[in-house]
Amino acid sequence: MNIQETIKAINKMRADGVIERYAIGGAVGATFYLEPLATLDVDVFISLQLEPGKLIANPQPIFDYLKARGGQIEGEYIIVAGWPVQFLPVAGGLQEEALAQAVEKDVAGAPVRVFTAEHLAAIALQTGRAKDKARLLQFIEAGALDPERFQSIVSRHILQEAWNRFEQQFLKDRP
Amino acid sequence: MTFDLVKILQSKREFRQRLASRSIEEKLAMLDALRERALAIRPARSAAQSNSLHERPPPCRAEKKIRDDNE
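Chains A and B supply the protein sequences, listed in that same order.
According to the working numbering, the first sequence is numbered sequentially starting from 1.
According to the working numbering, the second sequence is numbered sequentially starting from 1001.
Check each hint, because a few of them may be wrong.
Only part of the chain A face toward chain B is listed, based on derived beta-carbon distances under 7 Å [to be verified]: (1) GLN4; (2) THR31; (3) GLU35; (4) ALA108; (5) ALA142.
Honestly, the hints are just simulated from the structure, not real lab data.
Source: prediction; values computed, not measured.
Heads up, the beta-carbon is just placed ideally off N, CA and C, and yes, glycines get one too.
Next comes chain B alone, as it looks inside the complex (with noise of 0.2 Å):
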């Protein structure tokens, strides 16, 4: 543990350089879960973001239809 911002920057390109050598099926299966993660909290994180400034999201609407399935 360090709070050296130069050590943790380089820490984090290190992370992000042995998540770009991984094998592309493991790296596939890593979107997978990201997009689950991605749907599951997007709903509350729109809301709560509702009156901030944020780039306009490219529509969606698969998403609302899985979204509105859920609900």
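Here chain A stands alone, though its shape is the one from the complex (with noise of 0.2 Å):
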């Protein structure tokens, strides 16, 4: 089990034309940031070209691709070098400016593309479930969001009113 060869395994599939754009998001994309998020899976983001005359991607060539090269499908996950990946079509306007203004960090040598900290925490703070929200103050109360950034993401992408209950529940008379 070894994440970045996962990774490589991912950069592998941008090089040979399988996938396009991705970026690593979830738990994964928040430790480039913050202290290591326990895990059991890797989020990459992806976007699918739609083939001609069809309404829905398809993403049976990554899977083959994967297959062919030893990877395992189970279920909606692909074991990638010991690491269930689970490959996710953008949904949205904000995942796909997050994947479009993704950035590209570097491990060990290689090139990873990640979301930015500010897209991550405004896609948690739009999933909303409790592993989000704890996520999302782990952010804030590390300093790893620009705050300005972070604001303009929160208002393009209506998400004032969400950001507004997260602060009264749990920033309100914070020390």
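Mind docking these for me? Both chains are given alone in their own frames, and the hints should help you get the complex.
In structure tokens, the structure reads:
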């Protein structure tokens, strides 16, 4: 089990033209900005091109490519270097923007595209499960967010109400 | 050692900051270790919590497969 090997495999997929743009999100993405966050899988956001005449993008080429290289498919996951990887087509304006503005980081000499801290935080706010709220708090407490940049994402993607609720619930009267 | 909650919380914050400032290679290696640990303890914990109130985890058939393989 080696997540760096997983990242290399994803880069190879891009080099081989199986995927175009990608960016790592979720807990693994957040680990680039925070302390390591325990997780069981790797979320890889991708843009899938529609085939002519089709309304739904087909992820089959990704599965075929990885299967041919020893990847095991398990439901919506494919195991790459021991890690279950979930390829998530970007859905909605926020994720599309996050993918477009993802930043390149260096992992032991290998490039990896990761969502910005502000986009990861905004996606957590939008998703809104308990663990997402906890993650958003971690970003805030770690001082990992550029407040102006985060606020502009919140406004642009109509998350102001959710942010107000979050502030009221978790940040009011904070020491 | 202290029982002063303020100091304890401050110490926890500092520890998290130290972890966050480690190199990404080190942090990814920690993710590998955390995942192995989580997989090792998860079946027992799930059984213990079956009657308690908890957020429904996302489906992870890969995890089940690994568990099945180990059993």
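To see whether the hints hold, each was checked on the structure:
| no. | hint | in the structure |
| --- | --- | --- |
| 1 | GLN4 | holds, 6 Å |
| 2 | THR31 | holds, 5 Å |
| 3 | GLU35 | holds, 4 Å |
| 4 | ALA108 | holds, 5 Å |
| 5 | ALA142 | holds, 6 Å |
Figure legend: structure checked against the earlier numbered hints; every hint is met.
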